[in-house]
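Visitor: Given next are the chains, with one letter for each unit.
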Amino acid sequence: MTAPLPADSPTGSIYDLGYRGYTGPRLGRGFAIRSLFTHSLRTTYGLGRTTRAKLAPWFLLVFAVLPSISIIAALVLVARFGGQVSEIVGANSPIRYDTMFSVLTGAAIISLFCAAQAPELFGRDQRHGILSLYFARALRRTDYTLARILGFVAALLVLYLLPQFVLFLGRVLLATDVVAAFQHDLPSLPPVIAEGVLVALLYGGLSMTVSAYTPRRAYAVAGIIALFTIPGVITGVVTSLGSSTVGDVLTLISPGFILERTNAALFGVQGNFDTLFVGLPDVVYFAAVLVGIVGSFAICIRRFRTISV
Amino acid sequence: MPLISARALTKRYPGGVTALDGLTVDIDRGIVGLVGSNGAGKSTLIKILLGLIDPTSGSATVFDLDVRTKGTDIRQFVGYMPEHDCLPPDASATDVVSHLALMSGLPRTAARERTAEVLRHVGLYEERYRAIGGYSTGMKQRVKLAQALVHDPRLLLLDEPTNGLDPAGRDEMLELILRTGREFGIAVIVASHLLGEIERVCNFLVAIEGGKLLRAAPLGDFTEQTGTLAVEVEDGSDALAAGLAAAGLSTIVDGRAVLIALDGDRAYDLVRDTIADLGLPLIRIEQRRHRLEDLFRDAPEDGAAALPPPAPPSPGATAGPPA
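Protein chains in written order, with the numbering used here: chain A, 1 to 309; chain B, 1 to 323.
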């Protein structure tokens with residue numbers, strides 16, 4: 001804590017300077033909101049916390065990037081042994097920008113990340129009574145709610161975009177003509193980001209809503225997993241039965257299915273599952289995402305406006 | 001302009017519990033004790049002043065700012081130490097306090113410096129880097145005080161700051177409060193149901209009961225007025241009380257004892273004469289030391305905690321004759 005004193009310096013003496021007031025700037029509400037947003041993003045990845053808190057998020061982040069890394073590894077190997085690189089970067093490759101969502105949800109990475117980390121924010125603050133300290137500061141209740149949710153949404157965005165970015169780096173940098181590869185992949189950027197934002201907002205909003213109402217961590221984890229799997233199972237059964245009006249509408253209860261459709265629409269491809277059989281137009285699914293996002297945010301805001309501290 | 005001003009402040013919780021009932025009071029700078037039994041409305045008043053909850057009716061201002069509309073402006077300059085646990089066990093004191101400094105709008109470097117300073121001030125040194133989960137109650141209370149001080153507030157609101165502390169811990173916490181109020185020139189409001197403690201640090205008292213103001217006055221006024229004589233008799237205390245009341249003294253029967261509000265020397269003669277006339281077996285006459293407690297003699301026991309008393313006793317009735 002203290003630097004060693006030079007040998008000839010006088011023996012130290014402690015001066016009690018007494019209490020000093022603070023006369024510097026007070027940056028107010030906006031700064032507090034930005035700081036809480038950053039804090040939420042960092043807390044979600046366990047930064048500034050114990051090693052134990054880092055385990056789950058980093059484990060899942062590494063898992064999320066693995067498919068991209070494996071495809072790049074394949075790329076390197078095939079190029080070295082003189083194979084056909086276009087086979088791996090082309091439309092037959094299982095891991096592309098437009099299949100990334102299916103790959104990540106197929107491995108349940110996003111929902112597991114939500115279940116493990118969303119309760120770290122709203123749940124932790126409620127469990128330990130920290131809310132009253134936040135609400136007693138420069139923030140308003142809604143500021144707190146939004147900064148927390150958006151910090152978590154940003155963390156999900158990282159989880160979704162990092163594998164895409166690694167894939168992009170590999171495809172471009174390992175190509176024989178880097179410029180051409182860059183120009184070829186550039187048009188994929190808008191749909192990648194658009195789908196990423198939708199995924200992060202919807203998954204983030206829904207899982208934060210569950211954790212806002214279930215301070216107990218174990219219940220929140222179970223609730224979030226249930227929210228992301230049970231509707232998916234129902235939708236899976238419905239779509240496998242073929243199209244019917246009731247069945248089509250039932251697909252709107254599954255966040256995973258909805259985002260599968262927006263993904264297909266954004267990239268201009270048909271999803272690789274049973275979305276072919278569903279008769280509803282794409283716009284319905286975009287509307288469903290919007291309803292989910294706005295609804296979950298509104299429920300959270302209401303929750304923290306009325307919660308007693 | 002008073003530091004805090006409340007006008008007909010009323011708070012009714014859903015379910016019909018009235019926590020504050022038309023409270024009107026002005027509070028000036030200093031170390032102010034907010035006293036009342038559990039459920040008297042102390043915490044509710046503090047939370048309304050912070051803008052944590054909205055009053056049902058009435059109005060209140062802090063620094064001349066309306067608590068309903070200027071909450072964020074007020075809270076930048078107010079420190080709040082809640083009654084309950086409010087610290088995450090897995091974080092260190094340094095992390096929690098510096099994070100909360102940011103939440104009060106302090107820039108990052110200032111937040112770090114102030115955190116080190118206030119933690120030293122409350123007496124946390126090397127342990128401030130350890131997780132709070134391993135702290136004693138006394139250390140946790142210090143961290144709670146530190147987070148309330150970190151942004152150099154002009155007003156500190158402390159809700160039961162000695163809760164859960166042993167006698168030595170209480171002394172230290174009271175000493176800290178006293179220093180904070182006197183040396184730093186920060187206005188302090190200490191809510192407590194322990195009058196003995198409040199007496200030691202405050203120079204002004206606001207007594208509330210059943211959500212109503214009992215009295216707001218400098219500490220000296222309270223102790224003068226509540227001079228009480230306890231007369232203990234073997235039996236017949238009711239008769240004694242009746243006799244003294246007939247002679248014009250305010251009395252309360254407390255088991256075998258009769259409590260009499262001291263009203264000059266006349267009381268002593270009346271007590272002697274009345275006891276002699278009734279021929280009662282006298283055990284002792286003593287002046288009660290627990291002066292302020294008499295204000296709340298009829299208040300419910302601590303066990304009745306959360307709920308405010310259904311019908312508060314008429315204020316002043318127990319405290320002595322009108323001054």
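Keep in mind that the hints were calculated from the coordinates and are not lab data. Source: prediction; values computed, not measured. Beta carbons: idealized from backbone N, C-alpha and C, even for Gly. Careful, some of the hints might be misleading.
Covered stretches of chain A (in silico footprint by chain B; criterion: 3 or more residues with CB under 8 Å from a CB of chain B, positions within the stretch not fixed) [as the list claims (entries may be wrong)]: (1) 27 to 38; (2) 41 to 53; (3) 122 to 135.
Non-contacting residues of chain B with respect to chain A, defined by C-beta distances greater than 10 Å in every case (computed) [claimed, not checked]: (4) Gly30; (5) Ile53; (6) Asp85; (7) Arg114; (8) Leu213; (9) Leu262; (10) Leu280.
What follows is a list of derived Cβ distance ranges for each label pair [claimed, not checked]: (11) B/Thr109 / A/Asp282: 47 to 57 Å; (12) A/Ala298 / B/Asp90: 23 to 33 Å; (13) A/Gly242 / B/Pro89: 27 to 37 Å; (14) B/Gly123 / A/Phe59: 19 to 29 Å; (15) B/Phe63 / A/Ile69: 25 to 35 Å; (16) B/Thr109 / A/Arg302: 51 to 61 Å; (17) A/Ala194 / B/Thr109: 31 to 41 Å; (18) A/Gly242 / B/Thr56: 52 to 62 Å; (19) A/Pro25 / B/Asp90: 28 to 38 Å.
Visitor: Now tell me if each hint is right for this structure.
Guide: Hint-by-hint comparison with the structure:
Chain B is given as covering the stretch 27 to 38 of chain A, and this holds because 7 residues of the stretch bring a CB closer than 8 Å to a CB of that chain, at least three being needed. For the stretch 41 to 53 of chain A, the stated coverage by chain B is satisfied: 4 residues place a CB nearer than 8 Å to a CB of that chain, which reaches the threshold of 3. Beta-carbon proximity to chain B at under 8 Å applies to 8 residues in the stretch 122 to 135 of chain A; the threshold of 3 is reached and the given coverage holds. For B/Gly30, the non-interface assignment is confirmed: its Cβ lies about 17 Å from the closest Cβ of chain A, beyond the 10 Å cut-off.
The non-interface label for B/Ile53 is inconsistent with chain A: the shortest C-beta to C-beta separation is roughly 7 Å, within 10 Å. Distance check on B/Asp85: its Cβ comes as close as 5 Å (rounded) to a Cβ of chain A, failing to clear the 10 Å threshold; non-interface status is violated. At the 10 Å boundary, the C-beta of B/Arg114 falls inside the reach of chain A, the nearest C-beta of that chain being 6 Å off. Its beta-carbon lying about 24 Å from the closest one in chain A, B/Leu213 satisfies the requirement of being farther than 10 Å from that chain.
The Cβ of B/Leu262 lies farther than 10 Å from every Cβ of chain A, with a closest approach of about 42 Å, so its non-interface assignment holds. No Cβ of chain A approaches the Cβ of B/Leu280 within 10 Å, the least distance being about 53 Å, so the stated non-interface status holds. Checked against the hint of 47 to 57 Å, the pair B/Thr109 and A/Asp282 passes, with Cβ atoms roughly 50 Å apart. Taking 23 to 33 Å as the suggested C-beta distance range, the pair A/Ala298 and B/Asp90 conforms, at roughly 31 Å.
Separated by about 53 Å at the C-beta atoms, A/Gly242 and B/Pro89 break the suggested range of 27 to 37 Å. Take B/Gly123 and A/Phe59: their Cβ atoms lie about 40 Å apart, and the range 19 to 29 Å is violated. For B/Phe63 and A/Ile69, the hinted distance range of 25 to 35 Å is not satisfied, since their beta carbons lie about 58 Å from each other. Distance hint for B/Thr109 and A/Arg302: a CB-CB separation of about 37 Å, inconsistent with the stated range 51 to 61 Å.
The supplied range of 31 to 41 Å is met by A/Ala194 and B/Thr109, whose beta-carbon atoms lie about 38 Å from each other. Distance hint for A/Gly242 and B/Thr56: a CB-CB separation of about 58 Å, consistent with the stated range 52 to 62 Å. Distance hint check: the CB atoms of A/Pro25 and B/Asp90 are about 31 Å apart, consistent with the given range 28 to 38 Å.
Going down the numbered hints, you'll see the structure goes against 5, 6, 7, 13, 14, 15 and 16, while the others check out.
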